[in-house]
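These protein sequences, in sequence, are chains A and B.
Take the first sequence: its position 17, counted from the start at 1, is 7 in the working numbering, and no numbers get skipped.
To convert, take the position in the second sequence, counting from 1, and add 2; that gives the working numbering.
No wet-lab data here; the hints were simulated from the structure.
Every value quoted in this text rests on a predicted model; they were computed, and no experiment measured them.
Do not take every clue at face value.
Claimed, not checked - Using C-beta positions, here's what the derived DEER-type ranges look like:
| hint | chain 1 | residue 1 | chain 2 | residue 2 | range |
| --- | --- | --- | --- | --- | --- |
| 1 | A | -5 | B | 10 | 29 to 35 Å |
| 2 | B | 85 | A | 6 | 44 to 50 Å |
| 3 | A | 17 | B | 99 | 41 to 47 Å |
| 4 | B | 83 | A | 32 | 25 to 31 Å |
| 5 | B | 112 | A | 59 | 39 to 45 Å |
| 6 | A | 41 | B | 83 | 28 to 34 Å |
| 7 | A | 45 | B | 10 | 40 to 46 Å |
| 8 | A | 46 | B | 99 | 16 to 22 Å |
Unchecked claim - Simulated crosslink set (PhoX-like; lysine-lysine; CA at most 25 Å straight-line):
| hint | chain 1 | residue 1 | chain 2 | residue 2 |
| --- | --- | --- | --- | --- |
| 9 | B | 73 | B | 59 |
| 10 | A | 32 | B | 13 |
| 11 | A | 101 | A | 57 |
| 12 | A | 46 | A | 57 |
| 13 | A | 101 | A | 32 |
| 14 | B | 73 | A | -8 |
Glycine included, C-beta positions come from ideal geometry on N, C-alpha and C.
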Amino acid sequence: QKEVEQNSGPLSVPEGAIASLNCTYSDRGSQSFFWYRQYSGKSPELIMSIYSNGDKEDGRFTAQLNKASQYVSLLIRDSQPSDSATYLCAVKRDNAGNMLTFGGGTRLMVKP
Amino acid sequence: DTGVSQNPRHKITKRGQNVTFRCDPISEHNRLYWYRQTLGQGPEFLTYFQNEAQLEKSRLLSDRFSAERPKGSFSTLEIQRTEQGDSAMYLCASSLGALEQYFGPGTRLTVT
């Protein structure tokens, strides 16, 4: 079992719809959770961080964390074609070093 | 405030040659990380520095890999006797303490 799992996709949504991206993790000691966006051929760009259970909103993005279920998700409202990218989920154990453990990413395609 | 910079952006080398990459972190960031990413995968942690001290190394970092951060500012990653399996994107990230990690543009290595 991978430490951080994501559906590789592609997830295809029409422009203006809500895109829902999901991530599960196996290490219950994980304390910090991050979503990065990566365009093809580019490096990861941090878009959201979340540290406590519940929802965190930033513009069109909402991150949701449920530590009991070991589940973190990212919602993108009013999806735009420019949102088409791979979305990487990353987790960190704050009490065991500072490395990020990444999932394989979900490719999102927003169709005009 | 400039972001993380990496040089070179692309490197093509022949098997058996040595290569060195440089990373300049965001100026006030005291932590610097190296990751490696292959096609279709999420980044994998290699090593990290707090100031000039190398505090953590992944099992992925074989004896052919060495990283330094001599003055606690820029860092270099050297790969000796390159192999075709070393072909990947090498990513550098920096953070202020244990806060969010920001990635540079990466160095794409191709070993022929």
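How the hints compare with the structure:
no.: 1; hint: -5/A x 10/B: 29 to 35 Å; result: holds, 34 Å
no.: 2; hint: 85/B x 6/A: 44 to 50 Å; result: holds, 47 Å
no.: 3; hint: 17/A x 99/B: 41 to 47 Å; result: violated, 21 Å
no.: 4; hint: 83/B x 32/A: 25 to 31 Å; result: holds, 29 Å
no.: 5; hint: 112/B x 59/A: 39 to 45 Å; result: holds, 41 Å
no.: 6; hint: 41/A x 83/B: 28 to 34 Å; result: violated, 42 Å
no.: 7; hint: 45/A x 10/B: 40 to 46 Å; result: holds, 42 Å
no.: 8; hint: 46/A x 99/B: 16 to 22 Å; result: holds, 20 Å
no.: 9; hint: 73/B x 59/B; result: holds, 19 Å
no.: 10; hint: 32/A x 13/B; result: holds, 16 Å
no.: 11; hint: 101/A x 57/A; result: violated, 33 Å
no.: 12; hint: 46/A x 57/A; result: holds, 14 Å
no.: 13; hint: 101/A x 32/A; result: holds, 21 Å
no.: 14; hint: 73/B x -8/A; result: violated, 36 Å
Hints 3, 6, 11, 14, counting from the list given before, are not met by this structure.
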